[in-house]
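Chemist: The chain contents come next:
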Amino acid sequence: MNEPRRGDWSEVPVEPALAERSAALLAEARAEPWSAEARARVQAQVVASSQKRAGSWGAGAVVIAGMALAGGAMAMWGAGRVPERSAVVVAEERGRVPKAEGAPALAPKTDSALALAPKTEPAPALAPKTEPAVAPAPKPEPALALAPASKSPPRAPAPAPKTAPAAPAPAATAVAPEATASAPAASRASEPAPAPDAPAPTTDDAPTAEATALALRAALDHLAAGRLPAAHDLARSTAAQHPRAPLASELRLVQLEAALRLRRPRDALAALAELDVEAQPRRVELTVLHAELWAAIGDCAQARTRVGPVLADATTTPELRARAARVCP
Amino acid sequence: MSASRALIAADSAAVAEPAAEPATMSPAALYARHADTVARWVAHLAGPGADREALVHDVFVIALRRMPELDRARPTTWLYRVALNVVRNDRRRRKLRSWLSLTPEHHETVASPAPGPDEAVMSGARRALVYRALDRLPEKQRTVLVMFELEGMTGAEIAEVLGIRPATVFVQIHRARAAFAKALGALDGGAP
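Taken in sequence, the protein lines are chains Y and D.
Under the numbering used here, residues 1 to 329 are what the first sequence spells out, in order.
Under the numbering used here, residues 1001 to 1192 are what the second sequence spells out, in order.
To be clear, the hints were calculated from the coordinates, so they are not data collected in a lab.
Take the hints with a grain of salt, since some may be wrong.
[Claimed, not checked] Not close to chain D: a few residues of chain Y, all C-beta gaps over 12 angstroms, as computed:
no.	residue
1	300
2	317
3	322
[Stated by the list, open to error] Simulated pairs of lysine to any residue, SDA-like, Cα-Cα distance not exceeding 20 angstroms:
no.	chain 1	residue 1	chain 2	residue 2
4	D	1140	Y	23
5	D	1095	Y	211
6	D	1140	Y	1
7	D	1182	Y	243
8	D	1140	D	1125
9	D	1182	Y	20
10	D	1095	D	1069
11	D	1182	Y	10
12	D	1095	Y	243
13	D	1095	Y	209
14	D	1182	D	1139
15	D	1182	Y	209
16	D	1182	Y	15
17	D	1182	D	1166
18	D	1095	D	1032
19	D	1182	Y	28
20	D	1095	Y	214
21	D	1182	Y	214
22	D	1095	Y	210
23	D	1140	D	1170
24	D	1182	Y	16
[Stated by the list, open to error] Computed spacing ranges between beta-carbons, pair by pair:
no.	chain 1	residue 1	chain 2	residue 2	range
25	D	1186	Y	317	24 to 32 angstroms
26	D	1124	Y	241	56 to 64 angstroms
27	Y	225	D	1073	55 to 63 angstroms
28	Y	17	D	1124	21 to 29 angstroms
Note that beta-carbon positions come from the ideal geometry of N, C-alpha and C, so glycine has one too.
If we strip away everything but chain Y, and leave its shape as in the complex, we get (with noise of 0.2 angstroms):
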């Protein structure tokens, strides 16, 4: 078969009238060039991750260097800032969790951050009545951070604690303070590439694919239905099992809305340390969470630590903002 002519679609098997109007739709979708804005943005993201993984200009060997002594799973994307990961995960008995003196409840009333359930699900009180020291999350919302998230790749395994989460296993797990949380994490992708780094063809790996999507309805099903440990483990342990699948970072939601309507501070944070924060859309609203967490187990050194960019940041709203100054005052 020869190459086809450009424009002509005379030998489409199809109506002519239809075949034109595809040639001429087709012809006009062409997109437009991006903006000069558009840009210098993503050339001083660009650069700027480059920076930070290499730590200097420029050096490919260095950064692919840098990338395998972090063992390929914190990749620097952001403009200036530090990636938000675990730089430990212990586990720990799962017992009552102290609250912060002064700490506030987490998780306000009406604007929960997290809300993955359909809002005809009640959330069952399951934690001790008397001393909560979770607030559980209120009526969920719409899919916290379902919506789209283009900017991420899928995720890759977290370097070294690995060995933690992994099956629905009654003991909890914490999360130990970050190494390095100095400042909110990275913008995008704070994940090292995925399976398109390669220039060679897509890796398709349908069946992780299926089995994560699958995986993810039930959590999801689980958790509308108020089956919460049930949820909370069948996420968490699909998720610890296929870390770079595409819904990855949905299961951790689902794990960490689960945890949170278990009142179940330390499990929220280990879900949020599995969780690329700063590719979220709504990540300002789950960083003051991660802050209200840190708060709740009597931690204000981290919390403030959150709390601090955010407060700062001129974007962030009233409601999340007299959130962030209740944490720890």
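Add chain D to chain Y, keeping to what the hints say.
Modeler: Frame of chain Y, contents of chain D only:
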């Protein structure tokens, strides 16, 4: 200059001046040289529902990390493959979300809040219609049709990027055109 000519020209330049694409090229230099082209690629490949800036960012970060593997004889082709894989991954992710009903169809809901310059030429609705029809095609046909019709690449260029034979590309273009026209007809007829 057409896209295909730009592609060829860029590659030719690299062949003539191998030092122009060094393995340790600075991020700024690589970006300055290819940013506009990559932005156009991802806009065509991903369609109106995608975040063009994020995709371009991802392409360059990945490309910079893989610089030592750069095919210096064909740098633009190599970069195109990276872009193609980034977009495919993004599309797959969005498709999964859509399948799970976690996000509605992106064409209706994730449109850019501010119309870009391309919307000045073609209404967002018509462009979205094109991509809705494209999205009904098998992935390979969709890719080939976008490369041929929107990017203006030749069959040989497409074959090189995709690693397949030119004759295969021609067959796929032919089939993709037919499938696209039928999809468009179905959409015009109100098919879901």
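Chemist: Each hint should be assessed against the structure and marked as holding or not.
Modeler: Here is how each hint holds up against the structure:
1. Consistency note on residue 300 of chain Y: stated as away from chain D, and its beta-carbon is indeed over 12 angstroms from all of that chain's, at 34 angstroms minimum.
2. For residue 317 of chain Y, the non-interface assignment is confirmed: its Cβ lies about 17 angstroms from the closest Cβ of chain D, beyond the 12 angstroms cut-off.
3. The non-interface label for residue 322 of chain Y is consistent with chain D: the shortest C-beta to C-beta separation is roughly 26 angstroms, beyond 12 angstroms.
4. Note on residue 1140 of chain D and residue 23 of chain Y: the hinted pairing holds, with a Cα-Cα distance of about 19 angstroms set against a maximum of 20 angstroms.
5. Our distance criterion of 20 angstroms between C-alpha atoms is met by residue 1095 of chain D and residue 211 of chain Y, whose separation comes to about 15 angstroms.
6. The hinted pair formed by residue 1140 of chain D and residue 1 of chain Y meets the criterion: a straight-line CA distance of about 18 angstroms does not exceed 20 angstroms.
7. For the proposed pair residue 1182 of chain D and residue 243 of chain Y, the alpha carbon gap of about 39 angstroms is over 20 angstroms, so the pair is violated.
8. Pair hint residue 1140 of chain D plus residue 1125 of chain D does not hold up; C-alpha atoms about 24 angstroms apart against a cutoff of 20 angstroms.
9. Distance hint between residue 1182 of chain D and residue 20 of chain Y is fulfilled; the C-alpha atoms sit about 12 angstroms from each other, no more than 20 angstroms.
10. Taking the CA atoms of residue 1095 of chain D and residue 1069 of chain D, the gap is near 30 angstroms; set against the 20 angstroms cutoff, the hint is violated.
11. For the given pair, residue 1182 of chain D sits about 14 angstroms from residue 10 of chain Y by alpha-carbon distance, which is consistent with the 20 angstroms threshold.
12. With a C-alpha separation of about 19 angstroms, the suggested pairing of residue 1095 of chain D with residue 243 of chain Y holds against the 20 angstroms cut-off.
13. Among the hinted pairs, residue 1095 of chain D with residue 209 of chain Y is consistent with the structure: their alpha-carbon atoms are about 11 angstroms apart, no more than 20 angstroms.
14. A distance of roughly 16 angstroms separates the Cα atoms of residue 1182 of chain D and residue 1139 of chain D; the hinted pair therefore holds under the 20 angstroms criterion.
15. About 29 angstroms separates the Cα atoms of residue 1182 of chain D and residue 209 of chain Y, which puts this hinted pair outside 20 angstroms; it is violated.
16. Taking the CA atoms of residue 1182 of chain D and residue 15 of chain Y, the gap is about 9 angstroms. The hint holds against a cut of 20 angstroms.
17. In summary, the hint linking residue 1182 of chain D to residue 1166 of chain D is not supported, as the alpha carbons are separated by about 24 angstroms, beyond the 20 angstroms threshold.
18. Straight-line distance between C-alpha atoms of residue 1095 of chain D and residue 1032 of chain D comes to about 32 angstroms, which puts the hinted pair past the 20 angstroms bound.
19. About 18 angstroms separates the Cα atoms of residue 1182 of chain D and residue 28 of chain Y, which keeps this hinted pair within 20 angstroms; it holds.
20. Restraint check for residue 1095 of chain D and residue 214 of chain Y: satisfied, since their Cα atoms lie roughly 14 angstroms apart, inside the 20 angstroms limit.
21. The hinted pair formed by residue 1182 of chain D and residue 214 of chain Y fails the criterion: a straight-line CA distance of about 32 angstroms is larger than 20 angstroms.
22. A C-alpha spacing of about 12 angstroms is found between residue 1095 of chain D and residue 210 of chain Y, which places the hinted pair at or below 20 angstroms, so the restraint holds.
23. The suggested pairing of residue 1140 of chain D with residue 1170 of chain D holds, with an alpha-carbon distance near 12 angstroms, which does not exceed 20 angstroms.
24. For the given pair, residue 1182 of chain D sits about 12 angstroms from residue 16 of chain Y by alpha-carbon distance, which is consistent with the 20 angstroms threshold.
25. Checked against the hint of 24 to 32 angstroms, the pair residue 1186 of chain D and residue 317 of chain Y fails, with Cβ atoms roughly 43 angstroms apart.
26. Between residue 1124 of chain D and residue 241 of chain Y the C-beta distance comes to about 40 angstroms, which lies outside the given range of 56 to 64 angstroms.
27. At about 58 angstroms, the beta-carbon gap between residue 225 of chain Y and residue 1073 of chain D stays in the expected band of 55 to 63 angstroms.
28. Range check, residue 17 of chain Y to residue 1124 of chain D: about 24 angstroms between beta-carbon atoms, so the 21 to 29 angstroms window is met.
Checked against the numbered hints listed earlier, the structure breaks hints 7, 8, 10, 15, 17, 18, 21, 25 and 26; every other hint is satisfied.
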